[in-house]
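Participant: So the chains spell out like this:
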Amino acid sequence: MFIDIDCIQKRKNKEHTCGDYFISKRYPEISRLIAVLSDGLGSGIKAHILSCMTATMMAKFIEAGKDIKKASEIIMESLPICQIRKISYSTFSAIDCNEDGSVKIVEEGNPSFIWIHNSQIIEPEYVTVSSKKFTDRKVQVYNITLEENDRLIFCSDGITQSGLGTQKFKLGLRRQGLADIVTNVLKIAPTISSRDLSRHIISEALKCEEDLLPKDDMSAMCLFFRNPRQALVFTGPPYHNQRDNFYANIFKDFKGKKAICGGTTANLISRELNIPIENGKILASGSLPPMSYMKGVDLVTEGILTLTRAYEYLEQDEPVTNDDPAGRLTDFLLNSDCITFMIGAKINQAHYDPNLPIEIEIRKNIMKKIGHILETRYIKKVIFQYM
Amino acid sequence: MKKVITVKICLGTTCFVMGAAKLQEKLKSVLEKYGDSVDVKPVNCLNICANTDTQYAKAPYVMVDNDIISEATVEKIINKIEKGY
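These protein sequence lines map, in sequence, to chains F and G. Numbering follows my numbering, in which position 68 of the first sequence is assigned residue number 68; successive positions increment by one, without gaps. Numbering follows my numbering, in which position 47 of the second sequence is assigned residue number 47; successive positions increment by one, without gaps.
Excised from the complex, chain F in its bound form:
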């Protein structure tokens, strides 16, 4: 199974920084994913520092397999003390999951997560762990097993308390209100991505406020266990051209969406698999060469220039999905969960001619950058295969 995870945040009105912090790391080689959502005391920079420290430390402790009680105590002792309240405080929800469905969840202070299985909300059993040193801190530990299409919803109290004091939501949205939002949207869109679901939760929580402005930092983190959407990007010709046919057949047999980035690469696949290339009659749009079309291939673009632009789009705060070849490639990548990059090592000397008016990036480097940002920022599973 693949774990589709995303978190959308909205900072408190008039604050410049979100006081909640989300961190996530995927370990493709051991099919593991760790994520932590923390809410720092107060708001703004101070809260951000507290939540950032908590989430980062907690993720490291979980990664190292440390005892959760000990980890919580160390974190509490490490956090700076608030000058006003004279305490150090931040809440957290930490998730350690495996793609086989086994999940360990540790919660302290955040609203309890919502587990949706077969459209029903399940309330799992948990063990409470308390600390002698910090008697007011109680950590709930859950060990659960998820099945395909199960979802987990985590949030900061900014969500469950949204609308607090208003005529319609005197006690705020509360956990039940959040559960209703999620179950209602799943009836309409059962396969909604974690990103879109998180976004929907935030937008619905904002609607609870009469002025539609967040009164606290809001975070919605969703996990969705499902079959992975596989994608393959084939770019660059293999180093040894006698292997062209071998790699072209791997491309042919791949189960999932397929893209080719590179003119020579497209010609190679066309030749080896006997698939004609259709070049669109459309003029080259702006500063990128146009797309081509091949039967059985979802996307055919030029190579380095398009890849470099797609990387620039991925680097933006909100990924750009312009209707140009790089925008289509960005869309292609973001709508996939597991992306295999088959990267040809043959270098086209002409790309590095000093007479060229612009500098062309080295394919291997740009692919490494794209892979890294997809793994770290977009939490995709990325596999590199050099040819």
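Hints were generated in silico from the structure; no laboratory data involved. Only a predicted model underlies this, so the values are computations on that prediction, with no experimental measurement involved.
Keeping only pairs whose Cα atoms sit at most 30 Å apart, straight-line, the calculated DSSO-like set for lysine-lysine is:
#1 G:K80 - G:K33
#2 F:K295 - G:K22
#3 G:K41 - F:K346
#4 G:K41 - G:K22
#5 G:K3 - G:K76
#6 F:K257 - G:K41
#7 G:K22 - F:K346
#8 F:K369 - F:K25
#9 F:K46 - F:K170
#10 F:K66 - F:K138
#11 G:K28 - F:K295
#12 F:K252 - G:K41
#13 F:K364 - G:K22
Which bits of chain G does chain F cover? Going by a derived footprint, with three or more residues having C-beta under 8 Å, they are:
#14 10-24
#15 33-46
We put the beta carbon where it would ideally sit given N, CA and C, even for glycine.
Starting from the structure of chain F, add chain G where the hints point.
Facilitator: Leaving out everything else, chain G in the frame of chain F:
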């Protein structure tokens, strides 16, 4: 039957960077006078620059029927087309 001359403009990385897209746009209007007898086709790559050891600085490449034009310009292409008539 009237002879049709095919003009293939390479839009591979090197040719594109060396001005193939602008060349394509210019050609579109310049070659209108030939009507259906000249067929201009942008192609994803002619694979010339990668296979030419000494001439890789000669992009953009255009192919008029089976003849390769290096450092292609509108003038060079029209000359070649006129010879073909």
